[in-house]
Every structure is written in structure tokens, then in C-alpha cells.
Amino acid sequence: MLKIKKTIYDQLLEHASREDPIEACGYLVEKDGEIIKHYEMTNTDQDREHFSMDPKEQFQVVKEVRAAGMKIKAVYHSHPETPARPSEEDIKLAFDPTMSYVIITLLKDSGDRIKSFLIKKGVVENEIIEIIE
Amino acid sequence: MKIKVNGEEQAVEGSSISIAQLLKLNEVENPGMVTVQLDGEFVDKDNYEATQVKENNEVEFLYYMGGGSV
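Line order of the protein sequences matches chains A and B. Residue numbering for the first sequence follows my numbering, beginning at 50 and increasing consecutively. Residue numbering for the second sequence follows my numbering, beginning at 6 and increasing consecutively.
Hints should not be assumed to be uniformly reliable.
Straight-line distance between alpha carbons at most 25 Å, and here's what the computed BS3-like set of lysine-lysine pairs gives [to be verified]:
| no. | chain 1 | residue 1 | chain 2 | residue 2 |
| --- | --- | --- | --- | --- |
| 1 | B | K50 | A | K170 |
| 2 | A | K105 | B | K29 |
| 3 | B | K50 | B | K7 |
| 4 | B | K50 | A | K141 |
| 5 | B | K59 | A | K112 |
| 6 | A | K170 | B | K29 |
| 7 | B | K7 | A | K112 |
| 8 | A | K141 | B | K7 |
| 9 | B | K50 | A | K105 |
| 10 | B | K29 | A | K86 |
| 11 | A | K55 | A | K80 |
| 12 | B | K9 | A | K80 |
| 13 | A | K112 | B | K9 |
| 14 | A | K169 | B | K29 |
| 15 | B | K29 | A | K141 |
| 16 | A | K86 | B | K50 |
| 17 | A | K105 | B | K9 |
| 18 | B | K29 | A | K112 |
| 19 | A | K120 | B | K7 |
| 20 | A | K169 | B | K50 |
| 21 | A | K120 | B | K9 |
| 22 | A | K120 | A | K52 |
Rather than coming from a laboratory, the hints here were simulated on the basis of the structure.
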């Protein structure tokens, strides 16, 4: 289960909308079992159907999060034109088995706007998101 | 010897270990999709076999993060 603060949830939707039409991406950071912060990352692909993070920026954030006593729990990205479900490419490129993979859709009539998945060796499992105050 | 991997101390047998071996030791299944820093410097993927990690070195690795909607 991914426990995420309502403020962060809303900020993810805002980030995805702001980056539209390209895909937004970032990290979700956990402390004491709750997502309390998000890091907006640069989509180096600058593309509406793909995203890649910049390793240099990744290292900066990872070290900053660790120094603050927090942990990166999830990676998120947006699907501007498709539902919040992992694409074939998402599944193929989900290399980190320790991560939750969160997808935000900008489609307003496709069910939940934000969903989380555990993806290990090509096997996708839905992860419940609990929104907390 | 003792080294640091992703901020945590790790004890490794011997006086050196290659980046490739270290990634394997840390259960990385796709080393080609991992970026590595040794003492803050990026290590070229082509040099994972040749680059040796020694006592008190600090190694950071992270997975490529990317995807798409199609």
C-alpha cells in the first residue's frame, strides 16, 4: 500500500498538467511509511510518449533524500493521453524491484487519475493508494 | 575490506572487487541499465569489469528510470 498525503497527490496532478503535453516524471519520498514529499525530475526525452531521468539529477536527489533521513519509495510519470496503467515500455523498463511505479493520467474519464503498481520481472501487480490528510 | 554502497557500509571479501562483481553481489540483474559513481565520479559502463573498488571507496548505483505511455 502507498500512503500518500493529499497535498502531494494534488501536486502530482498539477505537475502532470503543467508538463502537458510532455510526460512529467519524478520521485516520491517516504518517511515513517508515508509519502511526504515529491521531487519533480527533468524528462530528458521531452516527449509526450516517453520519459527518461537524468542520472546526474537522480544521484543528487538520492543523496539529498538519504541525508535527510528519508527514502525514495516510488517513481512516477504521467500519461498525457492514455490511462494510468503500465505500457509495454513501462513494464520492460521497470528495472528497480524496490520501487513502486506510479502513473498519473490526464484523462478525466478513465477512473482513478493516479495508480500505483509493483513491477517485478515483467509481472505487474496493482498497489492500493491510500490518500491521507 | 569495508566499502560504502549507496550510503551503507558493506563488507566484501578480499582487497578489491570489480564494479561488475559488486553489482552482482548486490543482486543487480541488468548492470547495463545501472549508472555507477565511484567516489563521486561516473564510471563508464564499458569499464565495469576493469574498474576495481578498494578499501574505503564509496560506490553509488541507481537504475535507469524511464518509460512511456505506448
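Original post:
Quick check: which numbered hints come out false for this structure?
Top reply: Result: hints 8, 10, 16 break, sorted rising.
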